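Q: Assemble the complex: chain A is given as a structure, and chain B must be docked to it using the hints.
Order-wise, the sequence lines are chains A and B. The first sequence begins at 1 in this note's numbering and counts up by one. The second sequence begins at 1001 in this note's numbering and counts up by one.
In short, the hints are calculated from the structure, not lab data. Because the structure is a prediction, the values reported are computed rather than measured.
Within a straight-line C-alpha distance of at most 30 Å, the following computed BS3-like cross-link-like pairs (lysine-lysine) qualify: (1) K18(A) to K1093(B); (2) K30(A) to K60(A); (3) K30(A) to K1088(B).
So these bits of chain A aren't anywhere near chain B, every CB distance computed over 10 Å: (4) L36; (5) L62; (6) P84; (7) E88.
Just so it is clear, CB atoms sit at the ideal spot from N, CA and C, and this is done for glycine as well.
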Amino acid sequence: MSAQPYVIERVYNAPVSKVWHAITNAEQMKQWYFELPGFTPEVGYTFTFTGGHEDGIQYKHLCRITSVVENERLSYTWSYDGYPGESEVTFELFPEGEQTRLKLTHTGLDTFPADNKDFAASNFAAGWEYIIGTGLKGYLEKA
Amino acid sequence: MSKNKLDVFQAIADPTRRAILIMLATQALPVNALAGKFEMSRPAVSKHIRVLHESGLVKITDSGRERYCSLNQQGFAEVTNWFAFFDKFWNEKLNSLENLLNQEHNTDKL
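Okay, chain A solo, but in the shape it has when bound (with noise of 0.2 Å):
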C-alpha cells in the first residue's frame, strides 16, 4: 500500500467558527462524528470511543491532540487499541468568503493492519469484525 496521506476537502455553507465549533465540541461532535463524553482542543488531551459489532469485539479508538490552531488547524492521533499502527487526522479550515473549506488529510494509514501481515492472516475472522463494527457501524447503519 502507498504511504500517500488521504486528503479530501469540502466546501461548507457556513462560517469558519461555526464549522469549528462542530469539529471540537463533544455535544456538536456526536452528532455527525462520533459520541464523547467531552473534548476540549488543546494539545496533549487524549479521547477514545468504542465501536463494535453489538455481539463482538469492540475496538476502542485512541486519540491525542497534537495541533490546535483555533479556526485553523486540528491534528490528533488516531489508532486501535490492542492492534499495530498510528495514523494522524488533520482538519484544516480555510475562509472563503461566508463559506468554509475544509481540508482533511488523515496520514500513516499504511501502519494500519492491514499491511501487517500476523494480524491479516491469523486473524481474519476477527478483522471482519474490525472492519464492520468500527468506522463503518455509523455510516452503514446510516445508508
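A: Structure of chain B alone, referenced to chain A:
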C-alpha cells in the same frame, strides 16, 4: 475499487448481510442452514446471500446436495484497503457534518 461487480461497501451496508458474514467468519455453512438462522423468509435470505456473492465477499460451493457459503478472502482484501475504507468513512462523516451545518444555517441557532 469495484470493477464489474457489486460494491462491497454496499454489500455490507445491510445488518442481515453483516450478520451472515459474522456467521461465516468462523465456518462455512450451507445455504439452508443460514436461511434457518433468520426470521425472514428463505427467499429473502437467499437474496442477501446473492448480493454477498455478487460483491465477491462470499463464495458458494456445491457439495453433494448442499450449497455451501464461505467467506472469500479476496473480497475481504478489498475492504481492508484502508485507503478505500477511510475514503468511504470520511465522505460519510463529512456529509453528516454538512447536514449539521445546514440545519444550523437554516435555523440560525448557535
